[in-house]
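Protein sequences appear in the order of chains U and L. Numbering of the first sequence is given in the numbering used here, commencing with residue 1 and proceeding in unit increments. Numbering of the second sequence is given in the numbering used here, commencing with residue 1 and proceeding in unit increments.
To be clear, the hints were calculated from the coordinates, so they are not data collected in a lab. Predicted model, so just to flag it, every value in this text is computed and none were measured. Don't be surprised by glycine CBs; every beta carbon is placed ideally from N, CA and C. Any given hint could be a false lead.
Stated by the list, open to error - DSSO-like mimics (lysine-lysine), calculated; alpha carbons at most 27 Å apart, straight line:
hint, chain 1, residue 1, chain 2, residue 2
1, L, 190, U, 103
2, L, 34, U, 185
3, U, 101, L, 155
4, U, 101, L, 113
5, U, 57, L, 155
6, L, 155, U, 64
7, L, 190, U, 47
8, L, 330, L, 305
9, U, 64, L, 34
10, U, 185, U, 101
11, L, 115, U, 103
12, U, 115, L, 34
13, U, 185, U, 103
14, L, 155, U, 47
15, U, 103, L, 113
16, L, 112, U, 82
17, L, 112, U, 57
18, U, 204, U, 157
19, L, 271, U, 115
20, U, 82, L, 190
21, U, 47, L, 330
22, U, 103, U, 115
23, U, 185, U, 73
24, L, 155, U, 103
Stated by the list, open to error - Not the full set, but computed from the structure, chain U residues with beta-carbon under 7 Å of chain L:
hint, residue
25, 118
26, 142
27, 144
28, 172
29, 182
30, 186
To be verified - Computed Cβ-Cβ distance ranges for the label pairs, DEER-style:
hint, chain 1, residue 1, chain 2, residue 2, range
31, L, 259, U, 40, 27 to 37 Å
32, U, 188, L, 279, 30 to 40 Å
33, L, 254, U, 54, 26 to 36 Å
34, L, 333, U, 171, 14 to 24 Å
35, L, 88, U, 188, 44 to 54 Å
36, U, 81, L, 333, 29 to 39 Å
37, L, 331, U, 104, 53 to 63 Å
38, L, 163, U, 167, 42 to 52 Å
39, U, 76, L, 231, 45 to 55 Å
40, U, 160, L, 331, 50 to 60 Å
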Amino acid sequence: MKIIKGLCNFTSLVSRFIVLFYLMVLSGPLAYAAVGCQLNDPDRDVKQLFPQSTGYKTDFISIKEAGGLPLYKKIETILADKLDSIYETIDVPYSFYTILKGKEIIGYIHGVNQKGMFGGMQLILSTDITGKIINFYYQKISSPEAARFMDNNFTNKFIGLSLEDFLKREIYITDPSKDSNDDFKATLRGLKKNLILLHELKVK
Amino acid sequence: MKIIKNNMKIFSIFLVFFGMLMTLAFSAENLFYKEVNLIGGYGHNNKWIGKDQELTNSLGFEDYRKFSNDYGDFLTTDLQLRVAYDSLENSHKAWGVQIHNAFAQFNLGSGKKLKFGHFDPGFGLEPVLDTHATILQTLMSRNIGFKKDWGVGFKVIAPWFDFDAALQLGSGMSIYRRDNSFLSTLRISKPNNNNLQYGLSFMYGDILQTMGMNTFPRADIIGKTISKKRVGLDSQYLYGPFLFKAETAYGNDDHDEVLGYLFETDYTLPKNQNIEMQLQIQSWLHDIKAKKSDDTTLSVGISYKINQNITIRTAFIHDLNLMEGNEDHKGIMQFYFSGL
Numbered sequence: 001m002k003i004i005k006g007l008c009n010f011t012s013l014v015s016r017f018i019v020l021f022y023l024m025v026l027s028g029p030l031a032y033a034a035v036g037c038q039l040n041d042p043d044r045d046v047k048q049l050f051p052q053s054t055g056y057k058t059d060f061i062s063i064k065e066a067g068g069l070p071l072y073k074k075i076e077t078i079l080a081d082k083l084d085s086i087y088e089t090i091d092v093p094y095s096f097y098t099i100l101k102g103k104e105i106i107g108y109i110h111g112v113n114q115k116g117m118f119g120g121m122q123l124i125l126s127t128d129i130t131g132k133i134i135n136f137y138y139q140k141i142s143s144p145e146a147a148r149f150m151d152n153n154f155t156n157k158f159i160g161l162s163l164e165d166f167l168k169r170e171i172y173i174t175d176p177s178k179d180s181n182d183d184f185k186a187t188l189r190g191l192k193k194n195l196i197l198l199h200e201l202k203v204k
Numbered sequence: 001m002k003i004i005k006n007n008m009k010i011f012s013i014f015l016v017f018f019g020m021l022m023t024l025a026f027s028a029e030n031l032f033y034k035e036v037n038l039i040g041g042y043g044h045n046n047k048w049i050g051k052d053q054e055l056t057n058s059l060g061f062e063d064y065r066k067f068s069n070d071y072g073d074f075l076t077t078d079l080q081l082r083v084a085y086d087s088l089e090n091s092h093k094a095w096g097v098q099i100h101n102a103f104a105q106f107n108l109g110s111g112k113k114l115k116f117g118h119f120d121p122g123f124g125l126e127p128v129l130d131t132h133a134t135i136l137q138t139l140m141s142r143n144i145g146f147k148k149d150w151g152v153g154f155k156v157i158a159p160w161f162d163f164d165a166a167l168q169l170g171s172g173m174s175i176y177r178r179d180n181s182f183l184s185t186l187r188i189s190k191p192n193n194n195n196l197q198y199g200l201s202f203m204y205g206d207i208l209q210t211m212g213m214n215t216f217p218r219a220d221i222i223g224k225t226i227s228k229k230r231v232g233l234d235s236q237y238l239y240g241p242f243l244f245k246a247e248t249a250y251g252n253d254d255h256d257e258v259l260g261y262l263f264e265t266d267y268t269l270p271k272n273q274n275i276e277m278q279l280q281i282q283s284w285l286h287d288i289k290a291k292k293s294d295d296t297t298l299s300v301g302i303s304y305k306i307n308q309n310i311t312i313r314t315a316f317i318h319d320l321n322l323m324e325g326n327e328d329h330k331g332i333m334q335f336y337f338s339g340l
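In isolation and in its complexed conformation, chain U is listed as follows (with noise of 0.2 Å):
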């Protein structure tokens, strides 16, 4: 009896917040999804990337603002893959720094999560004003050779480097892991997406 009092009181709480719910829902705008990947201290990140920077301005754009379904469908098409339908959905906001020198912009810098063999990793690019590369770490990786994709003999070999190069595969660094081939797969492509984003909401 007791048991299906309890039960009775726990339902009756339930369905109040669920109509609660849908009605707080229905009253404001749209849910979006969780914001995409952020630095974890832009202070010290970006003073270590552009030490000649006096700031950075934060903006925070998603491919429905930026475009909607065409641009998700273009930046899928220049990608060459879907986007994940959990994790890259086209309201995740992504967060772009605009590193500044005075009022002037020296640069950009910005993260994409990346779902790899044993967990997501974090890619940080940062580039010139033209989108080339200037400097890549990663912020996180979960993977047991996690050492040798961040060691920057592996990293800074893709300074330089543009979107146009990813997207005419002149792309020709070697996996510098033993057993994560994959992880590798997945940071090339983290990081082309990495520059379609931010040539399609950012710097174009």
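Could you slot chain L onto chain U? The hints should help.
Structure of chain L alone, referenced to chain U:
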């Protein structure tokens, strides 16, 4: 009536302040999250329950903003608010408003930041983890008595270390200043490098003992202030699908020597990375010199991310020992929505 008036006065000042910030003539990037938290379970002691520790059924939101001018970002504001229902309280005390993050952080340049409002004290794992919605928590509540407090904070980002200091009221969720209560904290941390992060923390204060999570109506004060001194260590390490977390705190509560520790392992299923499993042991010794003075809990949890907005969590929590007896074991289930 006086209590309501006092609360409303403080709340009104708060809202006016935030309203002013939001209408300033600067550009602002804004993220507005809606939140629904449904939680319940069954325990050996209380049978059907609609809460776990500080997590109750609630509706809420988070308003996160960055203000900038031609020279860059200069201000960040964050307001997390919940209307919560505590099923274990009487009907006239069950509903309440909880203010979690409520701060304005000014960027002073050269890696320095000044923060005002309600935020994490600078101690242990709590400032670097997001436990706002999780069933498994850090040592913070057992250690200090609450997770967030009102006051002012100052952060410096140096080349090799971060310094995070705060001076707060020592009252937790509600705004009180009684018996000269205060809380001062300092955390010195190494930034995340090669998937490893660690910190050293210090704490000193006269802390009010409050009961409850509500900001309005204010949580009740129970007993006098406790003088607390602490030193703590914390660390996180990511290796493949495993995330290891650990923290410890040692010090005094008045004349009692206290010690707390936490070890947690999170495992992400490689084949289905929407699923994560957690195993945690957490213990707080209220008096090292006394026998059986510890509150020790073993927790096993699973979380499943349905999509970017919705997470289902479940946990089995077993009290290995409680100083005041009445050990419990319970199963908890949570539906959590957070979306823009």
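Structure-based check of each hint:
no.	hint	in the structure
1	L:190 <-> U:103	violated (32 Å)
2	L:34 <-> U:185	violated (35 Å)
3	U:101 <-> L:155	holds (23 Å)
4	U:101 <-> L:113	holds (19 Å)
5	U:57 <-> L:155	holds (19 Å)
6	L:155 <-> U:64	violated (35 Å)
7	L:190 <-> U:47	holds (16 Å)
8	L:330 <-> L:305	holds (22 Å)
9	U:64 <-> L:34	holds (19 Å)
10	U:185 <-> U:101	violated (35 Å)
11	L:115 <-> U:103	holds (25 Å)
12	U:115 <-> L:34	holds (26 Å)
13	U:185 <-> U:103	violated (38 Å)
14	L:155 <-> U:47	holds (16 Å)
15	U:103 <-> L:113	holds (21 Å)
16	L:112 <-> U:82	violated (42 Å)
17	L:112 <-> U:57	holds (16 Å)
18	U:204 <-> U:157	holds (25 Å)
19	L:271 <-> U:115	holds (11 Å)
20	U:82 <-> L:190	violated (38 Å)
21	U:47 <-> L:330	violated (48 Å)
22	U:103 <-> U:115	violated (36 Å)
23	U:185 <-> U:73	holds (22 Å)
24	L:155 <-> U:103	holds (25 Å)
25	118	holds (4 Å)
26	142	holds (6 Å)
27	144	holds (4 Å)
28	172	violated (26 Å)
29	182	violated (10 Å)
30	186	violated (12 Å)
31	L:259 <-> U:40: 27 to 37 Å	holds (30 Å)
32	U:188 <-> L:279: 30 to 40 Å	holds (34 Å)
33	L:254 <-> U:54: 26 to 36 Å	violated (49 Å)
34	L:333 <-> U:171: 14 to 24 Å	violated (46 Å)
35	L:88 <-> U:188: 44 to 54 Å	holds (53 Å)
36	U:81 <-> L:333: 29 to 39 Å	holds (36 Å)
37	L:331 <-> U:104: 53 to 63 Å	holds (58 Å)
38	L:163 <-> U:167: 42 to 52 Å	holds (44 Å)
39	U:76 <-> L:231: 45 to 55 Å	holds (52 Å)
40	U:160 <-> L:331: 50 to 60 Å	holds (55 Å)
The structure shown violates the earlier hints numbered 1, 2, 6, 10, 13, 16, 20, 21, 22, 28, 29, 30, 33 and 34.
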